[in-house]
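Undergrad: Spelled out, the chains give:
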Amino acid sequence: MTAAAHVHTIKTYGPDRCTGFSPIPAMSMVSHAAGARFINLIGGVMNSFYDWYADLPVASPQVFGDQTDVPESGDWWDATYLMMWGSNIPVTRTPDAHWMVEARYRGTKVVSVSPDYADNTKFADEWLPAQAGTDAALAMAMGHVILKENFVDRRVPFFEDYVVQYTDLPFLVTLEQRPDGTVVPDKFLTATDLGNAEAETSDAAFKTVLIDRDAGTPVVPNGSVGFRYNEVDEGKWNLDLQGVRPALSITDAASYSGTTSTVELPAFTDATGEGSVVHRGVPVTEVAGRQVTTVFDLMLAQYGVGRAGLPGQWASGYDDVDTPYTPAWQEEITSVPAQAVARIAREFATNAEKSRGRSMIILGAGICQWYHGDVTYRAILAMLMLCGCQGRNGGGWAHYVGQEKVRPITGWAAMAAATDWTRPPRFMIGTAFWYMHTDQFRSDGYSSDSLQSPLAQGHLEGMHTADVVAKSTRMGWMPFFPQFDQNSLDVAEAAIAGVARGEAADEAQWVADRLKAEDMRFAVEDVDAPQNWPRTLILWRSNLLGSSAKGEEYFLKHLLGTHHNVMGEDHAGSRPKDVTWHEEAPEGKLDLLVSADFRMTSSTLLSDVVFPAATWYEKHDLSSTDMHPYVHAFTPAISPPWEAKTDYDLFRLLAEEFSRQASAHLGVRKDLVATALTHDTPGELAQPGGHAPDWKGTDIPAVPGRNLPELKIVERDYAAVGQKFSAVGPLAEKLGFTTKHITYDVTHQIRQLAQKHGVFDSGAAAGRPAVDTDARMAEAILLFSGTTNGELAVQGFETLEQRTGVQLADLARGSQEKRITFADTQAAPVPVITSPEWSGSETGGRRYAPFTINIERLKPFHTLTGRMHFFLDHDWIKDMGESLPIYRPPLDMHRLFGEPQLGQRGELSIAVRYLTPHNKWSIHSEYQDNLFMLSLSRGGTTVWMSPQDAALIEVSDNDWVECLNTNGVYVGRAIVSHRMPAGVVYVHHAQERTIDVPKSETTGRRGGIHNSVTRILVKPTHMIGGYAQLSWAFNYLGPTGNQRDIVSVVRKRSQEVRY
Amino acid sequence: MATPPIAPGTDGPASDALLKIGQFFTRWDQSPDRRAVFRSGGRAGDAFYRNRWSHDKVVRSTHGVNCTGSCSWKVYVKDGIITWEAQETDYPSVGPDRPEYEPRGCPRGAAFSWYTYSPTRVRYPYVRGVLLGMYRQAKEEVGGDPVLAWQAVVSDPEKRRAFQ
Ligand code: SF4
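Chains A and B, in that order, are what the protein sequence lines are. Count along the first sequence starting at 1, add 19, and that's the number in my numbering. Count along the second sequence starting at 1, add 38, and that's the number in my numbering.
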């Protein structure tokens, strides 16, 4: 029946109405890859998870051009100053916490920043109790102190040498004079602007410019993204300054004449989030007829650190309460004493100077998962970059939220995406998928411009968030599926026929013409029309509806069409313009929800079909993490009991049954696949300057791969899916496997695999090596990855040497003969090999720290400038006021959604911040239903609250309370603890419906999970694409499913509960 | 006159007398000081505990729960039944001048094997009853083709609503 539902959906609506969701491949790579392989072979859609979980720190792509790369926990030992910021190490990183404690015995000072007296705070030497959600204010004030004391009062050579080589601080930014005479920072100056011979070079619009300190002239240094892809610049993509000493400030340039300009900068100091403008002077000079300054000069202006001779409003001292971003200013917001801030910032920088960058900050979900979490992270990363800490053992950021690191990445990606048979796959940004398809956009009452900068120029004006999704789709920024309002199989065939009739040069252009003429629409533009609904959804290794489903009740109402607790109405006032509004919202879009699990969860309870899965002690698989450097195996202790099956076997059987049915109903079809402009491909050069005018409603042509998604025709032999599933396809040798723009030639590996596993002798996979068991797929994953196959690591570095012109292959040459087999990982955990798939080096037995290759070998970051970015110049970022590190308060849910104001009282109720941190007795939803954990913990759903709030609503410990807002209701027992600050409740992450959840008094229906009270809040700047590091890649960039800005009413309820 | 050395503890004539009386009622082989007795047999009850902690094989596995721990575990099996798990300790060393990764684990992971035979275990495939009934009926009506049967169920709005 499950196979039949897929065949029918593909035939009737198109393959991109078949969807799958399974997160975190690293936690069991084969199990993930098996299901993803099935979905991708049929042309279905895999949803992303890292961004959807809000585990993705969007600041990482923005600043580093990297999804996330962090040190192993063993490197905490190398730190000589260690901050923990919003990360509760003993609870959420239990096996690794000992390193933090041991580092203290070695003399490392440990500082904790957390709103509550958290478990990790007990271990800290000092505690900075910043109010929840205000961390960026604290970080900005620390940045203020660091800049003043190390870059202005005194110029620390260690820091200065670092920032001119590895960050964008010396790069030039143009100043724009507006018609009203005001001046604002605009864009990076590029070689194109120079108008000389440099402007004629390849990809000049992506080559950024700095000033030679000694000569006073503009220089286009190697290493920006303009040097990355074209043939002429081979060997020049590196950070070698070739003897040029960049001017950090315009005032450093020999030619500086003393000219200044006052620029306007946005600030968001008001708790309502309302923006204001500050005026600060920067030194300027003229280059090719444009007024320019450096990013560094703008940074000092932004942080309010004055220098003699500059106009504008500046901080009078650290005790200046009114001027952002001084220590005294932040005290009003965070409650952390100003002196403590100045002292810690000073210690942090002094330690970095003396230890050469060994100050480390462990960051976590407590600060990442806010709407403006990216901004908070950028303010904290700024501290680390200014102090020369990134790319050092014992230094830099250490972001731990989610087990995202698949060390053998190339092999896993190939198996999961089935790129050995067909490319490109259909990968979707999870947050936008659920936001649109669960109709949360319908009750989303604020338009994007309500959060924009007072200096905005209207790029987001009047746009509903659904319009943002629609624009991002049609501009090729982010993917959206289903693609079109028609079956993509029919579109492909029509396009081929159209080209045959001579209507367009190729199929992609034929489709582009239809879209421009509005003969055909993107499905997102009428997402509620039945032909555009997702029809099947398979969950495996996933408890979507017991865990990550932000706005859970909307899922139940619109996607599933079942009982729900949604209490709000569709928003009448603000409606999208580019997305058709249906008066009647659809309920029950899915035809079929399938889940595979070994235990009963909130998701299995809601599924139409439940498959019994093998546990972790009943299958072969692989595990890796960013916390330690090993790969190691899952091995079956027993074979799956009863009718349970491994995920691998389940999907192999499903693929085979699907093919049997498809041979009569589908056969061989052509499919048209749309993909977004992708990071680490030349597609990221599509839209220079981060300025991309819309082709819709204008006379700008729509060009695939430029201002429209890439459109490709692929062939799908639906009857052969079962055979292809179990064999490695021929594109492996033909096209190789690519990770981060390095293509690995795996011809030799294919031969090895064929010898080891044998080849199929007939059918679609004739002659192809077998991966027909879970253990064999594990072997293939290891064989095709550089981290686990030294031959490929060396090969990859050699490829990269050609592009960069710097020496790299020696990092892996000592391991060239080394190959980690599946049997090795079953015998013991095996440390991985240094590989260009990641940015750090383990060579010589050192601990893994990210970006050490960039810093030590001058390999560029995957960003616009090739350096780490303080400044971002995309039109939308500018309009949001986030070009530079800044503080933005938590969203004002009263203003945006009409929720009660914080602290607002009702009879036995109070409005509070509703936070959902992780739990000591469970991991996500797992273990909380386990008998042992139930015995150790209180058991059942709980709400942690402060004695102050409890007293106000007359609640004693263990009383039943309800948390509610327009999104839904949660019922639990109060845990009244002095650990909690007033005004905040903690509802621990993913407490399921299956254990002790009574009916709510408010709706009469069963209370929900923690995410029943949350909703999806899409930040428009996360939807940007097509521009250098701000380009899409799967789980690399996309809107986050953040959930920490939520406000809920907590009320005492009747102590009589019914189930 | 030299005082006799004081005997340690509570030994003395009184306790000797008590021990003698005790042994009058229960006679076993004993040590010369009467402080220890030797018995044989009577240990049948221990078998239960010994079996509980004995095993036929130990298998390496881990937990796939997005905990980031990725700890390696020894899983113990007896008579084809998973009995318990213990932390692995064989992580390659990280060097002489620092702590090691072994052992790794957390209390939650240590409780995992409970799930194998727990009441919450999904043992068999489940299908929504109403859906299965309609699907089987449709399959009969269309002559056995599963795709046409599915189509018949989901293209009928009432039927579709009935199982959702
Ligand atoms: S022991 Fe705990 S931290 Fe380690 S893998 Fe298992 S669940 Fe994760």
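Just so you know, the hints here were simulated from the structure itself, not pulled from any lab data. Do not take every clue at face value.
What the hints assert, rightly or not - Each computed DMTMM-like pair below joins lysine to aspartate or glutamate, with the alpha-carbon atoms no more than 20 Å apart: (1) K177/B x D843/A; (2) K30/A x D117/B; (3) K112/B x E676/A.
What the hints assert, rightly or not - Part of the chain A face toward chain B, derived, beta carbon under 8 Å: (4) G93; (5) W96; (6) R112; (7) D538; (8) M539; (9) T634; (10) A652; (11) Q845.
Stated by the list, open to error - Facing chain A, from chain B, some residues (calculated, C-beta under 10 Å): (12) Q68; (13) S69; (14) A149.
Built from N, CA and C at the ideal position, the CB exists for glycine as well.
Undergrad: Would you mind marking each hint as holding or not holding in the structure?
TA: Structure-based check of all given hints:
1. K177/B x D843/A: Given that 20 Å is the threshold and the Cα spacing comes to 49 Å, the pair is violated.
2. K30/A x D117/B: Judged against 20 Å, a Cα distance of about 49 Å means the pair is violated.
3. K112/B x E676/A: violated (36 Å)
4. G93: This interface hint holds because 5 Å falls under the 8 Å limit.
5. W96: holds (5 Å)
6. R112: Where the cut-off is 8 Å and the nearest Cβ of chain B is about 6 Å from R112/A, the hint holds.
7. D538: At about 27 Å, which exceeds the 8 Å cut-off, the nearest Cβ of chain B leaves the hint on D538/A violated.
8. M539: violated (24 Å)
9. T634: Hint on T634/A: holds, closest Cβ of chain B at ~6 Å, below 8 Å.
10. A652: It holds, given that the least Cβ distance between A652/A and chain B is near 6 Å, below 8 Å.
11. Q845: holds (6 Å)
12. Q68: Hint violated; Q68/B Cβ to chain A Cβ min 44 Å, cut 10 Å.
13. S69: violated (43 Å)
14. A149: holds (4 Å)
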